[in-house]
Amino acid sequence: MREPFEHVVAEHGEVVWRVCRGLLPQHDAEDAWSETFLAALGAWDRFEGDRVRGWLVTIAHRKALDVLRASARTVTPEEGVPDAPAPPGGRDLDLWAALARLPDGQRAAVVHHHIAGLPYDEVALVTGTSSAAARKAASDGVRRLRTLLVLEEA
Amino acid sequence: MTAVVTPPADPALLARLHERLEARATGADAPDVHYRTVDSPVGRLLVAATEAGVARIAFEREGEDAVLQTLADRIGPRILRTPGRLDDAARWFDGYFAGRRDPFALPLDTRLAKGFRLEVLGHLRDVGYGQRVSYAALAATTSSPRAVRAVGTACATNPLPLAIPCHRVTRSDGSVGAYLGGPEMKVRLLALESTGVLPE
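Residue numbers (full-length UniProt numbering), protein chains in the order written: chain B, 1 to 154; chain H, 1 to 200.
Calculated from the structure, these hints are not laboratory results. Just so you know, these numbers come straight off a predicted model, no measurement behind them. C-beta: ideal position from N, C-alpha, C; glycine also. A portion of the hints provided could be inaccurate.
Stated by the list, open to error - Footprint (simulated), chain B over chain H, 3 or more residues, beta carbon under 8 Å:
(1) 17-26
(2) 59-72
(3) 78-90
Next up, chain H with everything else stripped away, as it sits in the complex (with noise of 0.2 Å):
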């Protein structure tokens, strides 16, 4: 039986229904999490949201299909790429990275942080830009003061990077400690709030 051959749809009719897709899902029929990339000075970023606000920023490494699995199996699965819906979000990096500090309020949901972890995330808030704590002294904030390790366990798996500045948080040593995007990221980070310009 011969199959009857149509031609390829035209790549740029497809982003337009997709965008047409994107501005339906609104509202009561809005996705479970919405998402864009961003292209920064420290690569491709990741940005997924709620209708509550910025859930989720994951750098490049952390690759995007396994992000955006982990967005569907503790969120939910209805899951739609909107680079529309996060012109703000786009922004606040822009700004950020242009070493304006607090672009402005970025609305975040932190979801994601549960129990302690979560607790460490709502003191890293309050840690300024330009700032640095040790893991010690922000441990010493919490309803745990001597839990220093789980301190960095909730750095180390801040699901809100950048927004929620985890890279304001280096070692009682002096050096700057792990980062989720990498050490070398976590030095020219604070290089950007100390100077206003982010090294190469």
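Just chain B, with the same shape it has in the complex (with noise of 0.2 Å):
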């Protein structure tokens, strides 16, 4: 018997809230968001499997890629580091934006698979490629995110 749709949402709604701010700005990633569980309520009485994680996942990156055509812009190493003074909880915005300067594969892979936490084989289901190549991205993500997180605290 399949679950009120609602404990998905309690369940997996911070997760998939980090997905989405990981891969896009701030007020893109709340439209991800809603985007996100608007289709996955619409599909939950016909889902199957156990892997309900992986599959928002799924959803969250296709609406991400959705939401960046549809407001015309790329993510830039501007986006969420304008020269405004740091909100507070500054550093997590560090975090944000040094992801935001990776290129677009490394940075799914690290999202994916870092703060998602998803197996390397449910992030290349994700991402469209291989697992060895998903492992790659995420640990050549890994290593620029530290260098530009070191940077930045300097």
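Taking the hints as your guide, dock the two standalone chains into a single complex.
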């Protein structure tokens, strides 16, 4: 028996937020989050299997691409790091800003594996690559991220 | 491999995102069932509705998770919490517990009741505010006038207590009989309807 969809939102809402925010600037991430759960709600009675989180992340990944296309802009190094003073929790912003500076493939691999916690074979399904390529992209991405964050702290 | 540690999402942000989802999930994208809870003088009530109307009212003692799972199994698993869409229902309960008879007509969806039980609920809706009817008298109005026990079962399984007033059905000997919310609650509701004030 399938559980009520509200339980899915309660259990996975936060991780889907982190995926959306990892892939997109704040405002676009909010759009992607609602689009993801709206689509998931519509399909929930037909969902099969037990990998709910992987399913949601796959939808979120597609919705993030849609939102990017719709707003006709790309994530640039400037996104999220304007010259304005850092808001409370400024260090949090640093991580999102650093993620925004990664190449698309590395960013997606880091977000889906290290932030969403999907195993590499599921990351590969989401991004349409091989498991080995996903592993390499995540590894390269994390190395790049460390460099970026150290530079920002300096 | 070091995990990338991201900050926990702000609960206020998640609440705002949920509200946006509620606002979007209407029309063709509406869930099978939407619900909210209402704090009332008889405890927290769960109110669940379809697009046709309120389909289930549950008392706290029935357990929110159990009620939602039953709704998922019987109506559909596309269930979303949407407090804003059920403001009317919340106002209906506020009015009822403030002693107003029939605050206003609350649209109901009786799909959770079938056959004879559905027929009994139809007759129950004719039992007016402040009235009492015995199980036997209620049975006499149905297509099976001697099915007193089946009428009792229909009351005990009423998916819409309070809105469909099974609390107005009492035993022929004058005692109140059983109630979904417990016999003490039934006594309080009958007192509310005769005095306009809900006793503690």
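Verification of the hints:
no.: 1; hint: 17-26; result: holds (count 6)
no.: 2; hint: 59-72; result: holds (count 4)
no.: 3; hint: 78-90; result: holds (count 4)
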